[in-house]
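Undergrad: Since the structure of chain F is provided, determine the placement of chain S with the ligand on it from the hints.
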Amino acid sequence: MAMREPTIFECGAPGRGASDQWPTPSPDALADIPPQLRRKRRPALPEASELDVVRHYTRLSQRNFCIDTHFYPLGSCTMKYNPKACNQYAMLPEFLGRHPLAPAASSQGLLRCLHELQEILKSVTGMGAVSLVPMAGAQGEFAGVSMIRAYHRSRGDLGRDEIVVPEAAHGTNPATATMCGFRVREIPVNADGDVDLAALRAAVGPRTAGIMLTNPSTLGVFERHIVEIEQIVHGAGGLLYYDGANLNAILGKVRPGDMGFDVIHMNLHKTFSTPHGGGGPGAGAVGVSDRLAPFLPIPIVGEDRGSFRWLDETDLPQSIGRLSTFMGNVGVLLRAYVYVRMLGRDGMRAVADHATLNANYLCARLAALGYDPAYPSRRASHEFLITLKRQSRMYDVSAMDVAKRLLDLGFHAPTTYFPLMVPECLLIEPTETESRATLDAFAAAMARILAEMQNDRDQLKSAPHAMPVRRLDDVRAAKQLDLTWPGAPAGPVSASP
Amino acid sequence: MAFIPHTRADVEEMLAVIGVGSLDALFEEIPAPLRAAELTGVPEALTEMQVGRLMRERAACDGTPLCFIGAGAYEHHVPAAVWAITTRGEFYTAYTPYQAEASQGTLQLLYEFQTMLATLTGMEVSNASLYDGASATGEACLMAVRANRKSTSRRILVPTTLHPRYREVGHSIAGQQGLVFEVVPYDPARGTIAVDALDRAAAGGDVTALVVQQPNFFGGFEDVDALTDWAHAHDALLIAVVNPISLGMLRSPGEWGQRGADIVVGEGQPLGVPLSSGGPYFGFMTTRKEFVRHMPGRIVGRTLDSAGQEGYTLTLQAREQHIRRAKATSNICTNQGLLVTAATIYLSLMGAEGLERTAAAAHARTRQLRAALLGIPGVRGAFDGPFFHETVLRLDRPVAPVLAALAAQGILGGYDLARDYPALAPAMLVCATETKTDADIERYAAALERILAPAPPSTANS
Ligand SMILES: Cc1ncc(COP(=O)(O)O)c(C=O)c1O
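Residue numbers (the numbering used here), protein chains in the order written: chain F, 80 to 576; chain S, 6 to 467.
The set of hints was computed from the structure by calculation and includes no laboratory data.
All values reported here derive from a predicted model rather than from experimental measurement.
Heads up, the beta-carbon is just placed ideally off N, CA and C, and yes, glycines get one too.
Hints may be right or wrong, so weigh each one.
Straight line, CA to CA, 25 angstroms or less: simulated SDA-like cross-link-like pairs of lysine to any residue [said to hold, decoys possible]:
hint	chain 1	residue 1	chain 2	residue 2
1	F	LYS201	S	PHE8
2	F	LYS540	F	ARG457
3	S	LYS332	F	VAL554
4	F	LYS119	S	ARG264
5	S	LYS332	F	ARG264
6	F	LYS119	F	LEU130
7	S	LYS332	F	LYS163
8	F	LYS163	S	ARG264
9	S	LYS155	F	GLY260
10	F	LYS332	F	ALA208
11	F	LYS332	F	THR495
Derived coverage of chain S by chain F (criterion: at least 3 residues anywhere in the stretch with Cβ under 8 angstroms from a Cβ of chain F; other residues may be distant) [said to hold, decoys possible]:
hint	segment
12	122-132
13	201-209
If we strip away everything but chain S, and leave its shape as in the complex, we get:
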């Protein structure tokens, strides 16, 4: 039971070595009135076979709908090798590489990951992961406050084109240290941020950092050069929030504007991590070398051993909670190592060309989807201008019932924007990736067309 190997004889002999008469005697220091009664809320044990049956039934309940939702989590092809290696016990059941000499595998992998993320984002240094894209954005805001010595206001400009959940999480995570988040509205025609909106939000005051998501939540492109230069002209740091797949073809944040972004964060899920109902994913963070000591999270460095051979170890630990305690850069300890393992293998398999092809193929499918849906009466585009693998469509009626009708046919048609962007409603965010086929897109378009079609007079009369 409970994966416990002890025989009855083991227990007896071990108790004798300890010098007590029973297992209960081991708990004698717990005050008697506090001892727990039976855990009635916990069901009786199941065997592995029984639990397997139960889980398969539960999974089957949820099925495998055809999914056109993106909104921060994207369905990409995951090469078989990625999880075949990631689930090896040697990666799966190890922990944080505290004993470097017995953890060179994990450490070297993390060093390779840092290198890949640095080159992808055009920055000098990377950490070894944060929890997810949203929490990484919150950590980036806190880091900007530490790193920006020219600013004292703790004001962060947050455009509404940043993922709404990232805004909420940023607020939960960073709000208690006195950070002030100034909302910057987007230009309703283009769905992007105009520089004069920044001027209005800043209102001439000191700004610590500006957060820019590229491609933004609507899939559109911000004028990142102008926004980055605006930030630097106002002595603010530029925090870039990026989709790593898009960096297969987009200019890296390190090359934005005159000086490049200062901190780059994002959601690592598109790099070989399945949708998984929302997690575990991983957040990444890269920055300039000058800011490395302000970074949260684990960092791996290459060094030498006592025989002068190269090896890898956790470094700059004086930033972290186990050394610095109340003065640490963050409280983060356990992070998302296993997902980083998957992403590192994914990026090794894709390389620059595979990544660029993935970006192109995903984008091609979204263009195809957009064209197919725009051909349906009652559907139109929301914004002018280019986009990447995700776009906003407006309907002639409330979105929620339409999405429900699609879901009833096994199609998840998009993300309803009514709640986060009431002014845009009725609108939805749709996404297709390289995993979709012509037939998938035709199926979606046909289903939507039927749902939006005016009801024939006969049924209207009945």
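If we strip away everything but chain F, and leave its shape as in the complex, we get:
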């Protein structure tokens, strides 16, 4: 078992500091700030040398699984390799040093990259226009559903107050609909993993603003009745929102625009391989059909005879407005831009081909071992679901046990307990950048776990054993809230800087 890593507040010593990093003191600089506005006590921040800090955070980094060190088949998250070039070229000093309010005249290089990214994403999705503003998938959803609302309102169609969401949808879908002021109407999915068309027909009507659909769905299958769904929803006067979190599966194969969708968000941090950063940043660009283009969130990049500028509320007076102080997560957009330029047209298809190949291969391997695909009659898309319902009944083990044991065996766990409707499930997304050998090693680990269910249940149920900590008590965490380090020293009276 690894030793406890002290908090940064326990590193260092009172009076110590990384003073080489600090500006030289400016004795009277704050003399004009009224004393009653000044701090009486210093904040209880660390007092540590640069080496203390570097060592502490380097050690903490070593307590993480990440793509660079581990297979990370976290379903729905597309944890593919993040090419180093994307980071390096997005972090060129001119891009990093550029103030967001710098005039367009001194931003042509950046604007050109963003404009080309808009155009490429239009082509990939088959949509009429793109805005790169949203800062993650959920904000892209927010933008999309806000546009649906704005569209209906612009037509004086004020009675549409419901958004239809299949029960398998990601939690951000219903949460977004609520944030946009809609009522959520959930509809079931049938035993084959497709939307229940009868239920959909019964759910839509004059109150339907639209449907939020993920395709391939979060069950890891392509929605086969997509044409009927499009007809039913459009027929009822609603619009179709496409959650593009799973775009990796269909790049260059089929386009949301061609499927009749009115609006889509893409998770650039998934399909376009920008790093996930321990929980972001992401980027959730939105694409729309022509009828929604006037409502796009601002700013977007416009081109006029080879020169580029921001289009804002003057150009798009019907826009749903701004969603970020400046221009979304520009640095993430630049990474995605480098990635799409390196993939090129043919690379896009290759991604979908091999992501789908890997998922179906691993699914076949696990099925042969005795695991149960949740939708055995279906072709997997870029990810697939297995259910441990049978094993949980036979051996009293859970999906969580399997997930924790996988950590011991050197693999990040798949997504667990999502979608909520499938009992004891694991959602497995290998991505195209993993080799067959890695998938085979993962299958071997799953075989070992299956054997442990029968011969060594304790080992499995008490996993993990090889991590810096054993299984954590989440109930205690929520009941006995400990959200800040209690030992942080109280700040002394402020010295003059």
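TA: Only chain S with the ligand this time, still in chain F's reference frame:
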């Protein structure tokens, strides 16, 4: 190609295991009429070398102008260690710490971050980030509606001294849930909010929350004690919007007025994040413990493992979209973890003293800049009263052409206020931080003086 490791033999063997004859057969469930044609809008692939050349050329186009714009994004020194560690693959290429035991590094870091933000803002609890300062302000308004049980109006008082973009974003994000934003005008002499303006805006009605930015958008200081007490006297919550660097020397929102602010948000960019053309940055949010269950975003807690050892995990997840779905506090999922990593390392290196020195050094440069520019005929100050590291100057002529002329000389002279504050025009917001030198400021002043100088008679005649 496309970072795919498969050999031809791998593909053949894998297809055989699946039991299909070709890659195309894997897509047979997609209705045939929908299959896409060639993606003609996507260019052919470039090699890494080619894309590197392209990006360097694009970057070089934009150059590195001398920047005196602030307006919500500030150029501070970023210690080398910050991004050297932040870009380690172990932080860079991990995701949300769903598997706590395999993510203790990220989780402990976030717990340390929460502790730092709580002490800096004088509040009890912090979340692990929102998207940016503006969207955090919108989320704070929504949170205030949930948390303020004494108010039913959903009315939020929003002074015009709040960053105009924050006002716009707040409106986009919170406006669809029936929130009403009442605009509170500022006192034109001081550039701050007077309490009687609040009385007028409230018009005797129920108010859910008051938003106060300190230092405000103009760099000036609001009477935060009076504004906080006004809010509480009217059963409204006080949402503070703060610059974290300023908290190196300013009293924390937790100490405003009799009872302190209720929700504190802000833009985290000044803490070790480069200007980066506008993002990714991160929003932060802290609050009182009693409101923690109304907070949006990830929260990390310290707990015990099955062997009784300490460890860290995501907690209070019953607030979040993946559990609560349509009833979640927010739809936020992916947030800005990597930027929080940078900020945590930054704050560890700076400590309280480094932060205070940074605030002082940045402010010293802005004072110097202001003095230098006020010495130029045609430039005067806009407001009386103190300010912090950013200030409004008025010119004797429209600002836009002046800024364009400066930009042509590689100087970004400030932010033109004409669009957001037409009544103030011609005026601009200028900012200098500790990154500026005497020579930088002299260069700006000399350039501005030349631009504003009356044209010599000879050219006027020509
Ligand atoms: C299907 C699906 N939709 C939406 C989202 C939300 O995206 P984000 O986390 O970027 O907000 C995710 C991922 O988290 C997802 O998997």
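Undergrad: Keeping to a limit of 25 angstroms between CA atoms, is the pair of LYS201/F and PHE8/S held or broken?
TA: Status holds; Cα separation ~23 angstroms.
Undergrad: What's the verdict on LYS155/S and GLY260/F, does the C-alpha distance respect the 25 angstroms limit or exceed it?
TA: Since the Cα atoms of LYS155/S and GLY260/F sit roughly 22 angstroms apart, the hinted pair holds (cutoff 25 angstroms).
Undergrad: Given the hint that LYS119/F pairs with ARG264/S, test it: the Cα-Cα distance must not exceed 25 angstroms.
TA: 16 angstroms, holds
Undergrad: Hinted pair, alpha-carbon criterion (25 angstroms max): LYS163/F, ARG264/S. Please report holds or violated.
TA: Distance ~49 angstroms between LYS163/F and ARG264/S Cα, so the pair is violated.
Undergrad: Residue count check for the segment 201-209 of chain S against chain F: does it reach three with CB-CB under 8 angstroms?
TA: violated (count 0)
Undergrad: LYS540/F and ARG457/F: Cα distance at most 25 angstroms?
TA: 31 angstroms, violated
Undergrad: Does LYS332/S pair with VAL554/F here, judged by a C-alpha cut-off of 25 angstroms?
TA: Between LYS332/S and VAL554/F the Cα gap is close to 21 angstroms, so the pair holds against 25 angstroms.
Undergrad: Between LYS332/F and ALA208/F, is the straight-line Cα distance small enough, at 25 angstroms or below?
TA: 20 angstroms, holds
Undergrad: Holds or violated: LYS332/S and LYS163/F, Cα atoms, limit 25 angstroms.
TA: Between LYS332/S and LYS163/F the Cα gap is close to 39 angstroms, so the pair fails against 25 angstroms, i.e. violated.
Undergrad: Can the restraint linking LYS332/S and ARG264/F be considered satisfied, given a maximum Cα separation of 25 angstroms?
TA: Status holds; Cα separation ~13 angstroms.
Undergrad: Verify this for me: three or more residues of the segment 122-132 of chain S with a beta carbon less than 8 angstroms from a beta carbon of chain F.
TA: holds (count 6)
Undergrad: Regarding the pair LYS119/F and LEU130/F, is the alpha-carbon distance no greater than 25 angstroms?
TA: 30 angstroms, violated
Violated hints, listed in ascending order, are 2, 6, 7, 8, 11 and 13; each of the other numbered hints is respected by the structure.
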